Amino acid sequence: MKLLRHPFWQAVLVLLVAWILITFGIPYLPRLAGMDSAPVPSSVVLQYMVTVLVGVLIWVSDSDERWNRFLEPIRATMVEPERRWLRLGLLVAIPLLVGFLAFRQVRQTVAAPPSLRSIHPAPPSSITFRGTPMTLAGLENPLRADGSIAEDYEEGKRVYYENCLPCHGDALDGRGHYAHGFNPAPLAFNQGGTIPQLTESFVFWRIAKGGPGLPKEGAPWNSAMPVWEDMLTAEEIWAVVVFLYDQTGFSPRTWEEAAGEGGE
Amino acid sequence: MTRGTIRTSAAGIAALALLVLAAQSGWAQEAAAAGPREYGSFPWIGSRTAIWIAAEVHLMFAAFVLGVPMFAVVAEAIGIFGGDERYDRLSKEFTRLLLIAYSATAMWGAVLVFLLTTLYPRFWAHMTEIFEVSMWIYVGLFFVESFTLYLYYYGWERWKQGRAKLGHWTLGILLNVWGTAVLFIADSWLTYMMSPPADVTPDTSPAMVQAWSAFANATWMPINIHRLIANVVFGGSIVAAYAGYRFLSAKTDDERAHYDWMGYVGNFIAIGALIVLPFAGYYLGREIYEYNQQMGITMMGGFMSWLWIIQAFLIGVLFLAGNYYLWVGMGRIPGAERFLPYTKWMLFVLIIGVIVWSTPHTMIADRAELEAMGGSHHPFLGVLGVMSAKNTAVNLMILTTFLSFLMYRRANRRPVVGWARTGTILQAGLFVIAAAVVLFYGVYGYFVSAIVRIGFSVYQVLAVLATIIGVMALDVAMLRGSESRGEIRWGQMPPRSQYALFVLVVTFTWLMGLMGFARSGIRQHWHVWEVMRDTSQWAATPALGFAAQIISVCVIIFLGMISFIFWLGGLVEKPQLVPKGR
Chain A
101 MKLLRHPFWQ AVLVLLVAWI LITFGIPYLP RLAGMDSAPV PSSVVLQYMV
151 TVLVGVLIWV SDSDERWNRF LEPIRATMVE PERRWLRLGL LVAIPLLVGF
201 LAFRQVRQTV AAPPSLRSIH PAPPSSITFR GTPMTLAGLE NPLRADGSIA
251 EDYEEGKRVY YENCLPCHGD ALDGRGHYAH GFNPAPLAFN QGGTIPQLTE
301 SFVFWRIAKG GPGLPKEGAP WNSAMPVWED MLTAEEIWAV VVFLYDQTGF
351 SPRTWEEAAG EGGE
Chain B
40 MTRGTIRTSA AGIAALALLV LAAQSGWAQE AAAAGPREYG SFPWIGSRTA
90 IWIAAEVHLM FAAFVLGVPM FAVVAEAIGI FGGDERYDRL SKEFTRLLLI
140 AYSATAMWGA VLVFLLTTLY PRFWAHMTEI FEVSMWIYVG LFFVESFTLY
190 LYYYGWERWK QGRAKLGHWT LGILLNVWGT AVLFIADSWL TYMMSPPADV
240 TPDTSPAMVQ AWSAFANATW MPINIHRLIA NVVFGGSIVA AYAGYRFLSA
290 KTDDERAHYD WMGYVGNFIA IGALIVLPFA GYYLGREIYE YNQQMGITMM
340 GGFMSWLWII QAFLIGVLFL AGNYYLWVGM GRIPGAERFL PYTKWMLFVL
390 IIGVIVWSTP HTMIADRAEL EAMGGSHHPF LGVLGVMSAK NTAVNLMILT
440 TFLSFLMYRR ANRRPVVGWA RTGTILQAGL FVIAAAVVLF YGVYGYFVSA
490 IVRIGFSVYQ VLAVLATIIG VMALDVAMLR GSESRGEIRW GQMPPRSQYA
540 LFVLVVTFTW LMGLMGFARS GIRQHWHVWE VMRDTSQWAA TPALGFAAQI
590 ISVCVIIFLG MISFIFWLGG LVEKPQLVPK GR
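First to last, the protein sequences are chains A and B.
Following the numbering used here, the numbering of the first sequence begins with 101 at its first residue and continues without gaps.
Following the numbering used here, the numbering of the second sequence begins with 40 at its first residue and continues without gaps.
These aren't lab readings, by the way, just hints derived from the structure by calculation.
Note that the structure is a prediction, hence the values are computed from the model and not measured.
A partial selection of chain A residues facing chain B, derived with a Cβ cut-off under 8 Å:
| hint | residue |
| --- | --- |
| 1 | Pro139 |
| 2 | Val140 |
| 3 | Thr151 |
| 4 | Val152 |
| 5 | Val154 |
| 6 | Gly155 |
| 7 | Ser163 |
| 8 | Ala222 |
| 9 | Pro284 |
| 10 | Pro296 |
| 11 | Gln297 |
| 12 | Thr354 |
Ideal Cβ placement from N, Cα and C applies to all residues, glycine included.
Whole structure, please, built from the sequences with the hints as guidance.
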């Protein structure tokens, strides 16, 4: 316990606890509370750990007394004769560790490099649907104005179960029968970060144009989503959009008043 | 060679010459039919990189020569009205550096104009046809501004006392007026490229574009405000870094005391203005969305979204470095020790804030990680990737930083007013209420639609701003006539604190380049958004890694040149130190 009153070992402990929390706590603790989680990607682990390290360095150095105490064991290891073996060990171990990390970075692997995939690329202001021009900016779902939303929901449900179910799943959670065959997995509509962030016209565009219709900025667009405009009518796509929102209970993002007008 | 061969050769050469002439004439006709050239080419690095570096370094110098006069005129005013001569010296010391920096700004401006005319003639012709009058005014203002600066600097000693000093200070104000006008004019050109009036189309002749509607376009005023505040931050951070360098190389205690104090003033101004900068940035972002949602989505959710994660991390560094400097500085203030136990909790809030703010919505992951997450969104951390979480984090970080300032300010003072305890409780209450409002709307934001959620950030911002104003007003009233717990021991600052000032200036400069790229890059392949398309080979938006390299080059050029200017400033005249405790 006496050891843990020393700023150096406190700093080591904070870093260790942070690493355990990020690497094991985030993937497993939420599951105990019935929430979904997954391992944290290494890029994010690195980002979090750098932040924590900066915090620890600030804490140990923001007062002269703490800073000098923090440096004590480091100075002692560097100069004191009785720590000669520890010093020698570190002199061997640290370069080896750095070399190993460098080797891990540069060695050839068969895996594809990590990618930055833009999952919500900016939609074009207009598209052509089966040869007919369609302005997306400010576009509302036309079925919501025709007063037969219950029928549209049923129609959307039919379309979903006939076409979307195998990948996006019965619970709209992106875990259909074929989902395990795709990487990245099909989109889960029941998560707050997906369709509630989007307007209905965005979802229409994504269904209509599929993976091949993603703009260049969406690259690498390794998406298996088909181009549904070749197989479904505009009404069927709008109906399935109605179904997605009503079934998940989410509200679509709405347009602001000035949408699509441009200018001042 | 025989005569026959010569004759044959001569005939051959003549035929070749005729052929070349004919071909040249044909090419000439073709060229005439194609009209004037649209793009030039720059060797080695290409046109876009050349114009990018010229524009960015010009902008950095421009920010410096606009930010420092604001700093100088405020410092002079404190010197005049507060009776503290140190501020007057500080103001003059920086005005001297301005003289050289002005030349560098003008040179880079000339480089930019020459590159625009030679590399992008079609685009530049379009701009000059619309903005010609404002360009003439701009040049005129530049003259007026330069000569006001000469008068301001060279008249310093002559107009030092009484009314003449007030007249001199007025010159400083005028310098800022001209500088701000120059900034506003230049802003109109670049914002027109982003948000031209709705009635301007690719078929509109530039001669038919109404000059004022192009000038006062949708994003003009938000950029003006954002840049004005950012210039103050930038000027303050450069002053602080200069002081840090001088502090580390100081030979005497007097020098150390002077530059320690100067570093404190620079940092105070930089962080003080930084606190309100996110609000101005938010206003700009909102106006971009209002103007064109597609542009807004590209900026915040599409290709550019990762820039905001880098930005969050860098602004986190700024907040951490600024607070760190204040906390270390408390070591030289008698009475500050009563606040030190709280700093670790404030650090905890800041670190959690940085972690939340910089958590990406779309994560960089390899195939195995993507598969485990079921896509690019993390099923648990995804909640931190949206604006509700980020707005909450940044507002709490601003409140925490303001609390640091308040502790620093009160460290060596003991209020004498009868209501001091009540006032302190009131201040604490305001902090708690603001934090509660920020947290409430942050959490509630997850349960409402996006359009409602956007409005919540306004309530969060208003709660924080109201608290800052309210707490500060109470503090000023409470500390009136306060007793001192002891003099600040200027100069007794550990050297490591000065590196925080270097971190601040490098991060600010880099951040300016990065966010400038974001603002400019969201136009994508348009010179003027949906009016004039970029048809050059450089039309594609560059990758983030490449952009980061170019920005780093710009930062190195700028900081290298500004260091040279500082060195030159040191050669010209040593500052007259006025070592005096507060």
